[in-house]
Amino acid sequence: MFARKTQRPVLSAVIAALLFSACTQSGTPSASNQPGSNAGPQVLRMARNAEPFSPFVPWQIDDNPALFISVNVYDTLLRTSKDGIGLEPGLATKWESSADGLTWTFTLRDGLKFSDGSPMKASDVKASLDMARGGVKSAWKDNYKAIKEIAASDDKTVKITLSQPYAPLLSVLAMFSGGILPADMAQATDAKDYDNALAWKTKGTGPYYSDGWKKGDPIVLKRNPNYWKGTPAVSEVRIEYIPDDNTRVLKLQGGETDLVDFVPFSQIAALSGQPGVKAQSFKIQQTAFVILNTTKPPLNDVKVRQALNYATDKDAILKNVYFGQATFMNSPIPQGTDWDKDLPGYPYDLEKAKTLMAQSSGAAGFKMDMQVRAGNTNFANTAVILKEAWAKIGVTVDIQTLDTAVVRTNYQAGNFMSTPSAWTNDMNDPTEIVNYAMRGGASPFAYWTRYNNPDLNDKITKADLEQDPKIRAALYSELQKIYLDAAPLAFIAYLGATAGWRSNVEGFFIDGLSYYRFEDVKINK
Numbered sequence: 000m001f002a003r004k005t006q007r008p009v010l011s012a013v014i015a016a017l018l019f020s021a022c023t024q025s026g027t028p029s030a031s032n033q034p035g036s037n038a039g040p041q042v043l044r045m046a047r048n049a050e051p052f053s054p055f056v057p058w059q060i061d062d063n064p065a066l067f068i069s070v071n072v073y074d075t076l077l078r079t080s081k082d083g084i085g086l087e088p089g090l091a092t093k094w095e096s097s098a099d100g101l102t103w104t105f106t107l108r109d110g111l112k113f114s115d116g117s118p119m120k121a122s123d124v125k126a127s128l129d130m131a132r133g134g135v136k137s138a139w140k141d142n143y144k145a146i147k148e149i150a151a152s153d154d155k156t157v158k159i160t161l162s163q164p165y166a167p168l169l170s171v172l173a174m175f176s177g178g179i180l181p182a183d184m185a186q187a188t189d190a191k192d193y194d195n196a197l198a199w200k201t202k203g204t205g206p207y208y209s210d211g212w213k214k215g216d217p218i219v220l221k222r223n224p225n226y227w228k229g230t231p232a233v234s235e236v237r238i239e240y241i242p243d244d245n246t247r248v249l250k251l252q253g254g255e256t257d258l259v260d261f262v263p264f265s266q267i268a269a270l271s272g273q274p275g276v277k278a279q280s281f282k283i284q285q286t287a288f289v290i291l292n293t294t295k296p297p298l299n300d301v302k303v304r305q306a307l308n309y310a311t312d313k314d315a316i317l318k319n320v321y322f323g324q325a326t327f328m329n330s331p332i333p334q335g336t337d338w339d340k341d342l343p344g345y346p347y348d349l350e351k352a353k354t355l356m357a358q359s360s361g362a363a364g365f366k367m368d369m370q371v372r373a374g375n376t377n378f379a380n381t382a383v384i385l386k387e388a389w390a391k392i393g394v395t396v397d398i399q400t401l402d403t404a405v406v407r408t409n410y411q412a413g414n415f416m417s418t419p420s421a422w423t424n425d426m427n428d429p430t431e432i433v434n435y436a437m438r439g440g441a442s443p444f445a446y447w448t449r450y451n452n453p454d455l456n457d458k459i460t461k462a463d464l465e466q467d468p469k470i471r472a473a474l475y476s477e478l479q480k481i482y483l484d485a486a487p488l489a490f491i492a493y494l495g496a497t498a499g500w501r502s503n504v505e506g507f508f509i510d511g512l513s514y515y516r517f518e519d520v521k522i523n524k
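If you count by numbering that gives the first Met the number 0, then the sequence shown holds residues 0 to 524, one letter each, in order.
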């Protein structure tokens with residue numbers, strides 16, 4: 000899952016006092032991974048910001064930590080290119096469509112094997128995709144709604160029959176939710192007694208596999224000796240979970256870990272200038288915003304939500320949270336396929352915000368909670384800015400810093416008024432975000448906003464099924480405008496994905512959809 004004004008001096012003073020400071024400590028790498036002393040098996044130590052909530056079942060995944068495991072242990076028929084826009088072969092080397100667009104035939108690579116050495120067949124593809132489109136626990140059924148039947152013609156041929164032509168099909172098949180498991184494992188994932196031991200143990204065709212995991216412990220990924228692209232250089236990846244951004248950076252500087260994600264934007268420049276450490280912001284299709292619970296009065300009033308958007312000083316956030324490494328968010332969707340660059344977004348306009356609020360059910364002022372995930376520097380600093388900015392239109396923001404799991408539970412249950420969040424595209428087609436973030440009704444309730452517009456829902460279905468690229472782009476443009484005007488979110492910024500690593504780590508890259516695959520990484524001596 001944005002004209003700007005110069006920041007006010009008083010706000011600058013507040014931010015200077017409240018922003019988390021950049022870490023400047025340095026240290027010496029531990030002996031096991033010091034350059035020149037790491038002969039033998041290569042073990043990559045990574046510190047991430049949060050541990051998985053979902054099981055390691057591709058179509059059941061509903062959180063990024065689990066997603067990042069999935070793309071390293073499972074493969075899909077197609078892959079998205081590094082820029083997050085194009086498509087390229089994955090488990091399938093070629094594919095073709097019938098003239099009417101209703102039948103697609105995919106040819107699998109020769110010699111594909113799962114991590115235990117057993118052969119991967121077309122029947123495994125059928126079983127996995129059948130679970131993705133029809134499994135009781137699948138979180139991504141909408142993406143597969145046009146599929147009528149999947150058949151394994153032989154061990155190397157998969158035939159997909161559609162009920163109607165479906166433009167996003169190839170992009171859907173390249174998405175992580177289409178990861179392939181052995182048929183028996185795939186079919187067992189819906190069982191009521193599918194326990195934790197099974198949920199965290201993987202058997203895929205990806206570069207790594209997991210023998211199991213217990214929440215609270217590091218995740219260990221082991222090198223797959225049967226990987227179809229060749230044996231990865233790193234023999235083992237150990238991922239520990241440290242929610243506090245600054246603590247992760249300190250461990251990197253001290254040589255206690257080799258790789259960290261979600262480096263605060265305030266620290267990228269400083270880290271990049273330190274010996275033995277590299278840091279970078281990668282261009283990805285990501286948005287930052289605040290979720291507004293549209294069922295909680297007065298947030299059920301569109302004028303209140305629009306007022307909050309106009310009262311949001313994006314310049315202050317871009318400057319003081321993202322340090323000039325983010326841009327104004329003009330549309331509800333990221334800067335990918337069919338993004339409408341001409342939409343105006345909500346430029347900062349305090350007078351317009353005051354006028355809208357005066358005309359709304361929130362004219363007398365109101366108090367609202369803003370639930371912030373503990374340890375997330377960007378979200379915490381955004382909340383500080385919004386607290387001051389929204390006070391100017393009569394809104395008292397109560398910042399509540401809570402554990403990530405608590406925030407997640409609360410927004411899923413609707414027990415919140417607002418919470419900072421972010422979205423990253425998982426496929427190179429807008430169908431994912433419009434169905435997840437805009438379609439109302441069933442979970443995830445239009446990205447947990449509870450916004451539900453039946454007319455918009457119908458337009459989403461029409462856009463998803465349209466075959467003509469120009470007509471489809473126009474339909475998605477209309478969807479963006481409708482959702483933008485409804486303002487279920489406070490739209491803030493387009494931003495990249497940050498990471499830091501020791502200088503002896505080579506080949507780490509975050510692609511346009513924020514995926515990183517450890518198969519490309521090696522640790523130099």
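To be clear, the hints were calculated from the coordinates, so they are not data collected in a lab.
Worth double-checking, as some hints may not be accurate.
[What the hints assert, rightly or not] Straight-line Cα separation of at most 27 angstroms, DSS-like style, residue types lysine-lysine; simulated pairs:
hint : residue 1 : residue 2
1    : K366      : K386
2    : K81       : K386
3    : K155      : K120
4    : K158      : K202
5    : K93       : K112
6    : K480      : K521
7    : K250      : K524
How the hints compare with the structure:
1. K366 x K386: holds (11 angstroms)
2. K81 x K386: violated (38 angstroms)
3. K155 x K120: Within the cut-off at roughly 6 angstroms; holds.
4. K158 x K202: holds (23 angstroms)
5. K93 x K112: Distance ~18 angstroms between K93 and K112 Cα, so the pair holds.
6. K480 x K521: The given pair, whose Cα atoms are some 45 angstroms apart, is violated under the 27 angstroms limit.
7. K250 x K524: Given that 27 angstroms is the threshold and the Cα spacing comes to 20 angstroms, the pair holds.
Of the numbered hints given earlier, the model fails hints 2 and 6; all others are met.
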